Amino acid sequence: MKVNTYIYMAFALVLCAATSCTKVRPDCATLALGGGRTYIGEVSADGRPEGYGQLLIGDSTAYEGQWHHGRRAGLGVVTDSTGTTVCGTWRADSIVRGTRTDSVG
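Reminder that position 98 of the sequence shown reads as 98 in the working numbering, one-by-one numbering, no gaps.
The hints are simulated quantities; they were obtained by calculation from the structure and are not laboratory data.
Every value quoted in this text rests on a predicted model; they were computed, and no experiment measured them.
Even glycine gets a Cβ: it sits at the ideal position worked out from N, Cα and C.
Treat the hints loosely; a few may be bogus.
What follows is a list of derived Cβ distance ranges for each label pair [unchecked claim]:
1. R100 to D27: 28 to 34 Å
2. T82 to S44: 21 to 27 Å
3. A32 to R97: 18 to 24 Å
4. G36 to R91: 20 to 26 Å
5. T99 to A45: 33 to 39 Å
6. G47 to R97: 26 to 32 Å
7. D46 to T99: 17 to 23 Å
8. T101 to I57: 17 to 23 Å
9. T61 to V96: 27 to 33 Å
10. D102 to I57: 34 to 40 Å
11. T79 to A32: 26 to 32 Å
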């Protein structure tokens, strides 16, 4: 069961990446969010993160995945400077369910 969930999440992220801002599109932007945070990805008409995008926090942590109303929502992956990865489902900027993988496995 867990393997199927991981495969689905990986496929969904690849699909999102393939349709994201790899080409110049009017609904994509780079936003400086303050506190060393930068968002790169799709935005709504009012300029908030919406759809697929990446959040870079300083030079060590990154979130890549889905956004809704300016918050992380849906499938996403967080990676930090130590190589720890959390792949999971987000709702209103909070992780709901996920799997953490670190250097030990």
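Structure-based check of all given hints:
1. R100 to D27: 28 to 34 Å: holds, 32 Å
2. T82 to S44: 21 to 27 Å: Violated - the Cβ-Cβ distance for T82 and S44, about 33 Å, lies outside 21 to 27 Å.
3. A32 to R97: 18 to 24 Å: About 30 Å separates the Cβ atoms of A32 and R97, which means 18 to 24 Å is violated.
4. G36 to R91: 20 to 26 Å: holds, 24 Å
5. T99 to A45: 33 to 39 Å: Cβ of T99 to Cβ of A45: about 34 Å, so the range 33 to 39 Å holds.
6. G47 to R97: 26 to 32 Å: Because 30 Å falls inside the window, the suggested range holds.
7. D46 to T99: 17 to 23 Å: Violated - the Cβ-Cβ distance for D46 and T99, about 33 Å, lies outside 17 to 23 Å.
8. T101 to I57: 17 to 23 Å: holds, 19 Å
9. T61 to V96: 27 to 33 Å: Hint violated: Cβ distance 19 Å, outside 27 to 33 Å.
10. D102 to I57: 34 to 40 Å: violated, 18 Å
11. T79 to A32: 26 to 32 Å: Given range 26 to 32 Å: violated, Cβ gap about 21 Å.
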